[in-house]
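Colleague: Please model the complete structure; the sequences and the hints are all you need to start from.
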Amino acid sequence: MALSGPIICPVCGKKAKTGSAIDCARHMFGTGDQPHRKWVDAQVAGQGLSFIDLLIEQATTPGNRSYVLLGEIIQKDAEKREAQKKESEKK
Amino acid sequence: MNKYTVINPHEPFRVLNTHVHNVDGWAKVTGRATYTFDVKLPGMLYGKILRSPHPHAKIKNIDFSKAMELDGVKAVVTGKDTLGVKQGIWRRYKDLCDEAILPVDKVRYIGEPVAAVAAVTEEIAERAIDLIEVDYEVLPAVFEPLDAIKKDAPEIHEGFERNINVTRHIEWGDVDEGFEEADYIREDWFRCGGQAHMCMETRCAVSSYTPDKKLTIYHSNQSPYYMQGLMAGVLGMREGDIRVIGPYTGGGFGGKFELDGAIFCSTILSMKCYRPVKIVFTREEDFIATKRRTPMFYYSRTGVKKDGTFCAREAKVFTNGGAYTGMGATALYLTGFFHSFPYVWKGYRYDGYRVYTNTLPSTSMRGFGAPQAMWCSEQQIEWIAADLGLDPIEMRRKNAHQEGTILPGQATIASCGIDQCFDEIKKWIKSKGKLRANRSIGISACGFMSGGIFNWFDTPYSFSSAVVTINQDGTVELHVGAQDIGQGSNTTMAIICAETLGVKVEDIKVHSGDTDHCPPDLGAWGSRQTLMTGNATKMAAEDAKKQLLEFAYAQSGLNIVYDLDIKDRWVHAVARPERGYDFGELVKKALRGKDGQKIVGRGYYTPHRKGMISPAYSYMLQGVEVEVDEETGKITLVDSMTAHDCGQPINHLGLIGQLEGAFSMAAGYGYLEYMPYEDGKLMNPNLVDYKMIRAPEMPPANIAEIDTYEPEGPYGAKEAGEGLTNPTAAAIGNALFHRFGVQMKECPIRPEMVVNALKEKAQKK
Amino acid sequence: MERQLIRLNVNNQDYEIYINPKTLLVEAIRDHIGLTGTKRGCDTVSCGVCTVIVDNMAVKGCSVLAVQTEGKKILTVEGLEVDGKLQPIQKAFLDEGAFQCGFCTSGMLMSATAFLKESKKPTEKQIRDGIEGNICRCTGYNSIVRAIDAVAKGKYTEDK
Amino acid sequence: MISDFTYLRPGSAKEALQMLSKHQEDGKIICGGQSLLIIMRQGLVTPEYMIDIKRLDELSYIRFDQKKGLRIGATTTHRAIEKSALIKDKYPVLVEMEEKLASIQVRNWGTIGGNLAHADAAGDPAPVLTAMGGSVKVASASGERVIPLDEFYTDLFETAMNHDEMIVEVMVPPRPPKSGTKYQKFNLLDSDQGIVAVAATITLNGRTCKDARIVLGNAATITMRAKEAEKVLIGAALSDAVFEKAGEAAAAECQPVADIHASEEYRRHLIKILAKRMAKAAWEQAKISG
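In order, the protein sequences belong to chains A, B, C and D.
Per our numbering, the first sequence runs over residues 1 to 91.
Per our numbering, the second sequence runs over residues 1 to 765.
Per our numbering, the third sequence runs over residues 1 to 160.
Per our numbering, the fourth sequence runs over residues 1 to 290.
The hints are all genuine.
Partial selection, computed: residues in chain B whose CB lies under 8 Å from chain C: (1) G31; (2) Y35; (3) M200; (4) E201; (5) T282.
Quick list of in silico lysine-lysine cross-link-like pairs, BS3-like style, CA-CA up to 30 Å: (6) B:K346 with A:K14; (7) B:K94 with A:K38; (8) C:K125 with B:K427; (9) B:K86 with A:K14; (10) D:K83 with C:K121; (11) C:K125 with D:K88; (12) A:K15 with A:K80; (13) D:K67 with D:K178.
FYI, nobody ran anything at the bench for these hints, they're computed from the structure.
Every residue, glycine too, gets a C-beta built ideally from N, C-alpha and C.
Modeller: Structure (structure tokens):
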């Protein structure tokens, strides 16, 4: 589903450059402070991964896998939030 | 010896860019100049620092009772005598304030201070140090970034998972699309060594804390204002109660604008015994316990079209941060930014990771991450040109920045003379004719910033300020916070002030290096002072000049359509130069009109709307002729030419000196200056085993100065002297590539590496 | 350890100092006589910032015992200028900008002075070898070589 | 920090030797002190009595006669040797070596005796003098003896001298006809000690090599002769192939240690190259020499 607005960082509320999920992912890696790490850790723990794992993957192997992966996660999360928002508005 | 030519020179000035002696020259050639190293105060004690022999260990207990019993010992301090504040120059980011200098809990590198002693003589202090007993619990240590990020690596700082200290991401354009458009993609892995600042004056300080709770510090540094702010932070004092004096400074090169053991320990000792305490580092301490240029591991992937058009580049970098952050975070950002320089990319992406290790912390050093970036970039570009059979100079030219080039979200290039640099280097290569069989030429391009825009120090002050006061006899007092560490900023500011006010350099007295008497200024780093303090100085001089001319108008009763100006101490109507007044005479009169108040001009500068990095960028291209002994691998530099764009030159002698000096340091980084560690221990902490260029090794450093005009700089000036630390290592590598076809991926290039590379190549055949 | 009284002649002035015999010449000059123009930059006789002239020979003050120079004529940077008048080499350093931070300058000037005394019409290579024992981290040496060359070529003879 | 000592200044060599025999290992001779003061600062040497022979002019001389050859007094400075017209004429290689020994300041104050006694395997004079068949005259209160330089060094910083002995003279035999000596060190900076160094003497008999000496600096814990390389050369009709072989022999027999400046393997490689080059250079000179 399409989002109504640009993607906002779920941790610090910063609007990524283009408002796209992948840019938000880049913002998260670029910042890389504890709050951002913790958020990512929580999201990818299920896949036995961590923020740092994604970081090292991104840095030691050519290509862009970690960003894409995190971008998808952010996208899903944003959609979930929007859905929840709609729900609460209905009520 | 050296050739200096000027391409498209500007209109001549009265003072600017003329042959002006360094204003501190007299003091320096007669031995009168006193450095912190020479400061001696009444009742002064001498301090020595006990240093950790372990790369990583818990401090369980320190027993200094025996040391205190030694006759002549006045104080011993340990981390327990401090507030235990972990400080850092990135004050805005608590995570990055990680260095206590006198740690309470544990040590993280060999040479880290553990305790300090103050005694009536240096020798007694040294003996006392040996009497201190420290009980360590040695911890497992890690020394290389790629080991430190492994899952099972020892944790150096609590909460820093996998020892990752800082991460930086830079990206613009569409990288993936760019790579899709590329006909040819090349990937390379590089390794860049560290480098010691090796200031001739080792780190030293004299601190004096008095019962009125005021602190005065003489300190060999690059930014008295930073020292004042950082010391206030670690001591819990008010900045205003701390006076930092930076007398003549015996070199900095990026290594003297953070707190060091000398300033911190001498202060803690002085606060304990209320006497001045002097600490001077030995050369060995200066090597093992200050900071160094950041060693880096570089992965660079570059995509280009058949015709040599650059499409996209992505770089992944791990840097050896050593035990603490220091200025490492900035180096990590700048290396990523300048790895794109001086070229246009459809898409550019950089991921940098600074990793803690149990080694000497790394930090800023002349070039600030760019020498590493250029070592990799300029060699890879040379190889790509060869792979595609293209002219390496024309391929560079085709993709180079121009006036108006936009680096999305980062910078807009206002002035850029690199195109002419290509012409000059081509001319030089042509003029060399046929080279001897054992010689070859390598080239390398680069650009650099003119001061940083970032404010991680979180200062509420303008980045630079200046105050110009005109005395009744026409002499001028110029107060600036800029720090002259040898680069000649005092002279540069005097020139700008004299040119603007229309007086002579000898009329200007420059006051700098004292937080009690000079306005705050971020100091000497990132090539910022000429542009930033220069702008503030020019603004202050213009302010003072305006006040004087207002009075001159009233005096002369001239029709207001006439313009008044001042040149060579003569205040006159521009249209009728013969009509005017002597500068000094006029000032005397003007003071009466101001109820006796001096004419005071104020100026300040803080960059605005100039992107993320810097207000302006310098450009340069360098060619180096290299001789190699094929059998022994010994490298000799024979000749060099640098085409250089620094906007409008201001301090002629200073400019030449800075360019020659930067070249010698850059050449050293390329093939001599080497910092090998074994189990966290630096193996050559002395000037016998640490090799630097000496007079016989230094080749001619010819210069072609391309004069452009930088709208943001004073009189059109921008950076000079730091950027030239960047290209040389790659130029040497490229010379070897052209002669032997070998690709050197680790610097410095030591002779043994050359021999091995040649062997390898022979075996492949 | 017994101290001893020694007499040193520095810049044509006799000084009596009471020192430990292990005192190095540079320590005697800086700490006991109080002439701080001469610097110290290493502990391995490598950097040359402590260079002074003893009986017309450039030596490194960190590798000579003060007692060994008793009765000899010692010249330091402070002894170059006489009555406010600069030596040619000092003027040449100003004209060529042959210094930046200035910390190596005193030693560099002394090496240059001794070198110019004994080498007439030196080649560039000879000049470079003449200051081989002095490290300068700022200038890259070429401006210093130009300054020495200018003096050797007699550019400043009118001042002699 | 330099440890305290009692400073003694003998008025004559005789007096110096008496002091030395009195204090034995508690005494230490200082002359130029260019190396000694560095290791004292590092606390490696802590003499109780410092015997300063710097002023003993009776030991500062350069003499030559056709039969005995060259005689250099122990307190002669490097600079005096470098500047000696006599040595430049008779033993030019000594001047070439001195010109590259450290810096002018060090050569001005440092002495030949002190340098040889310091026994640094990377020292410059020892290989050259050894290649020319040189020896040192050492003296004690009880008399004098002559030790050939190729027997003088026993280990790193150790010599065949007893505690009560000191070097008083350096002796070099007259240069045989049709012979040449060359020296080169490999270093990164012009003024550095050699990462390795090679001195070679070739004496010709017609076209064949009558005698040869190859001496290696910093290729073992002591200055060493490459006797295998010498064997390759002696009696051979010299050619590039022979020099190549000699270089390989020298590389095989040296015992270099690895340090941060060069691995063991690279040092052997350098020895091979330098030995080859110096043997050839010495040969070229021998051919044109009287």
